[in-house]
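Counting from 1, position 14 in the sequence shown corresponds to residue 38 in my numbering; the numbering is continuous, with no gaps.
Honestly, the hints are just simulated from the structure, not real lab data. Just so we're clear, the structure is a prediction, and the values are computed from it rather than from any experiment. We put the CB at the ideal spot given by N, CA and C, even for glycine. There's no promise every hint is true.
Claimed, not checked - Quick list of the computed label-pair ranges, beta carbon to beta carbon:
1) N28 <-> P86: 23 to 29 Å
2) D44 <-> P66: 32 to 38 Å
3) P86 <-> G61: 29 to 35 Å
4) I58 <-> G34: 27 to 33 Å
5) G31 <-> A68: 24 to 30 Å
6) P86 <-> G34: 26 to 32 Å
7) Y75 <-> N49: 26 to 32 Å
8) G61 <-> Q39: 30 to 36 Å
9) P86 <-> N65: 20 to 26 Å
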Amino acid sequence: PNANIVGRSGWNEWQIPLSDFAGVNPSRVDTMVIGVGNSTNPAAGGIGVIYIDDISYGRPTPAQ
Numbered sequence: 025p026n027a028n029i030v031g032r033s034g035w036n037e038w039q040i041p042l043s044d045f046a047g048v049n050p051s052r053v054d055t056m057v058i059g060v061g062n063s064t065n066p067a068a069g070g071i072g073v074i075y076i077d078d079i080s081y082g083r084p085t086p087a088q
């Protein structure tokens, strides 16, 4: 994933390949957590707003 995407202004599409979830059984997933920052050394204190919408899976959107 592109950690720098949270610093961009405007709407941004972030595609994560399904191969990143190798070994995950989708029928066992009942919660999804979205985080920003260092997951091994989390720290509070960030500022700003992030809106997340249209979470889906499927084929990539064709270039326009």
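Hints versus structure:
| no. | hint | result |
| --- | --- | --- |
| 1 | N28 <-> P86: 23 to 29 Å | holds (24 Å) |
| 2 | D44 <-> P66: 32 to 38 Å | violated (20 Å) |
| 3 | P86 <-> G61: 29 to 35 Å | holds (32 Å) |
| 4 | I58 <-> G34: 27 to 33 Å | violated (19 Å) |
| 5 | G31 <-> A68: 24 to 30 Å | violated (18 Å) |
| 6 | P86 <-> G34: 26 to 32 Å | violated (20 Å) |
| 7 | Y75 <-> N49: 26 to 32 Å | holds (30 Å) |
| 8 | G61 <-> Q39: 30 to 36 Å | violated (20 Å) |
| 9 | P86 <-> N65: 20 to 26 Å | violated (39 Å) |
Hint compliance for this structure: hints 2, 4, 5, 6, 8 and 9 are broken, all remaining hints hold.
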